[in-house]
Structure formats: C-alpha cells, structure tokens
Amino acid sequence: VATHANFSLIPLGVFASTDGAVHFTSLAVLQLGFRYRLEFSSPGLPTLTSATFDNFLGAPYRLDVSVDPGNGIAGGSLSQQPVVRVLDKGGNLVPSSAITVSVALDTSGSTERFDTFATDLALSSYTGAQCA
1 VATHANFSLI PLGVFASTDG AVHFTSLAVL QLGFRYRLEF SSPGLPTLTS ATFDNFLGAP
61 YRLDVSVDPG NGIAGGSLSQ QPVVRVLDKG GNLVPSSAIT VSVALDTSGS TERFDTFATD
121 LALSSYTGAQ CA
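Residue numbering for the sequence shown is 1 to 132, as defined by my numbering.
I should point out that these hints are in silico values taken from the structure, not numbers from a laboratory.
Treat each hint with caution, since some may be false.
Heads up, simulated SDA-like pairs for lysine to any residue below, C-alpha to C-alpha not over 25 Å straight-line [to be verified]:
(1) K89 to G58
(2) K89 to S42
(3) K89 to V65
(4) K89 to I99
(5) K89 to L45
(6) K89 to A59
(7) K89 to D54
(8) K89 to P60
(9) K89 to S77
(10) K89 to T25
(11) K89 to N55
(12) K89 to L32
(13) K89 to A28
(14) K89 to Y61
(15) K89 to F24
Given only the sequences and the hints, what does the whole structure look like? Please build it.
Written as structure tokens, this is what we have:
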C-alpha cells in the first residue's frame, strides 16, 4: 500500500513479471481526484511517470455515522440528531444517492424497529428521532 496525504494506492490483485514486463492486475486509488499519475521505479533505473488519469466517485458502499445522537427525554426529540453519511468504497462522500436508510432502536441487545425513511442525499441529518 502506497500512501500520501491525499490518497492511497492499493494493489488489490497480484502482479506478475513475464518476459521482462510487470503486469499489474488490480491497482486501486481510494480517493477521488483528477490528474493523478503513477510513478514506477526500480533500483538503478530512472523513474517512469504514467500519463494522467482521473479517479471518479464509486457507488454507495457503506454508511457512516458522522454525528452521534444525543440524550433525550421520553417523548421528546433527542438533544442532538444523528447524521448518517453514504460513502463509496474509498471512504468518499457520495453526494447524491437514492437509498433507503432504516433506523432502529437497540435496547439491551434487542433491536426494535421504530422508523424508516428514504434519503436522496449523501449527508442525511435525521430530525425525527425521539425517546419513547
């Protein structure tokens, strides 16, 4: 894994050297960005830089709680409403994603479903969470 302040390059697959050529099969750049270049090096040889390429946003891959819920009073709204983000596989915020997010209340190990809502935004702040 090669890392930089703004990106990570991950070899997802194997690469093999045959007939003097190295074949990379599944390199992945996690962060979206534009005008990236790859640099190839080998001891004793000059460094080679690839042509530029862009890395676009991926499909929705996971949810992330960016703001945790605050305490509440029975029957009243929580003091701080949760914010759930939709991220792609690289951890990038997906700005528009028509997915359904379910909210459930976990009480002592049992999960009770208490509301479901649909979102078409990647950054969703839920305003209806209450303590019952």
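Keeping to a limit of 25 Å between CA atoms, is the pair of K89 and I99 held or broken?
-> 16 Å, holds
Straight-line Cα separation of K89 and Y61 no greater than 25 Å?
-> 5 Å, holds
Below or equal to 25 Å on CA atoms is what counts here, so check K89 against A59.
-> 8 Å, holds
Has the given pair, K89 with F24, been kept, meaning a C-alpha gap of at most 25 Å?
-> Between K89 and F24 the Cα gap is close to 20 Å, so the pair holds against 25 Å.
For the pair supplied as a hint, K89 and V65, confirm whether the alpha-carbon distance does not exceed 25 Å.
-> 15 Å, holds
Given the proposed pairing of K89 with T25, does the C-alpha separation stay at or below 25 Å?
-> 18 Å, holds
Given the proposed pairing of K89 with G58, does the C-alpha separation stay at or below 25 Å?
-> 7 Å, holds
Does L32 lie within 25 Å of K89 when you go C-alpha to C-alpha?
-> This hinted pair holds, its Cα atoms lying about 11 Å apart.
Sort out whether A28 lies within 25 Å of K89, counting only the CA atoms.
-> Answer holds: K89 to A28 is near 10 Å, not above 25 Å.
Proposed proximity, D54 with K89 (alpha carbon, max 25 Å) = Since the Cα atoms of K89 and D54 sit roughly 16 Å apart, the hinted pair holds (cutoff 25 Å).
Under the criterion that the straight-line Cα-Cα distance not exceed 25 Å, is the pair K89, S77 satisfied?
-> 33 Å, violated
Verify the proposed pairing of K89 with L45, using a straight-line Cα cut of 25 Å.
-> This hinted pair is violated, its Cα atoms lying about 35 Å apart.
Violated hints for the displayed structure, listed by number in ascending order: 2, 5 and 9.
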